[in-house]
Structures are given as structure tokens and as C-alpha cells.
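Residue numbers (the working numbering): 107 to 193.
Any given hint could turn out to be false.
Unchecked claim - Here are the simulated distance ranges between beta carbons:
no.	residue 1	residue 2	range
1	E129	I175	18 to 24 Å
2	E169	E124	36 to 42 Å
3	P174	T152	34 to 40 Å
4	G118	Q141	16 to 22 Å
5	Q141	C117	37 to 43 Å
6	K120	S142	33 to 39 Å
7	C131	F168	43 to 49 Å
8	E130	I175	16 to 22 Å
Unchecked claim - List time: in silico EDC-like cross-link candidates among lysine to aspartate or glutamate, alpha-carbon distance up to 16 Å:
no.	residue 1	residue 2
9	K125	D148
10	K125	E169
11	K153	E129
No lab work stands behind these hints: they were computed from the structure.
Idealized CB from N, CA, C, for every residue including glycine.
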Amino acid sequence: MWSALKDVCTCGAKEAWEKYEEEECLTQFLIGVNQSHRQTIDMILTKEPLPDVYWALKRLEFEESQRPIGSRLYKNRTSIYPRPHPY
Numbered sequence: 107m108w109s110a111l112k113d114v115c116t117c118g119a120k121e122a123w124e125k126y127e128e129e130e131c132l133t134q135f136l137i138g139v140n141q142s143h144r145q146t147i148d149m150i151l152t153k154e155p156l157p158d159v160y161w162a163l164k165r166l167e168f169e170e171s172q173r174p175i176g177s178r179l180y181k182n183r184t185s186i187y188p189r190p191h192p193y
């Protein structure tokens, strides 16, 4: 329903809905990220305004690249990518 309405909306609710969708995507992405990145996740969530998913991914990739190789949980950088849900 909302996707159909946002195409015809002229009252400003369209922007609010798009912002909500972006924030929801970011939240869902961060829920799936390995908890070894908790500090970076918290930093991302405190940014105002919230960044988009692409920015969050790039920040997590940067943080992962700065870790000493021996301390990385996964050598192939999969620790920042969301885990598949078991449904």
C-alpha cells in the first residue's frame, strides 16, 4: 500500500517514508553484522543523521581492514557481512 501511495503523494510524507525505509534497511543490515564489530555498529548508530547502508558497509570494511591479521575473526572478511537468517 505505501509503495503505491508514495508515487502519488505530494504532502511531504513521501520523504518521511523514504527516510524510514532507509533507516529500516540500515537497522536490518546492522542486526546481521558479526558482534565483534559492536563498537563500530554503535558509532554508526550514533551518527546524526543516520548514514545509508552503503556508507555503513564501507565503514565496516575499513575497520575490518585496520585489524591486525591475526586478530581478525575471519581472514576472508566475511565477518562484516550479515549472517543468513535460519528461516
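So, against the hints stated earlier in the document, which numbers end up violated here? Numbers 1, 2, 3, 4, 7, 8, 9, 10, in rising order.
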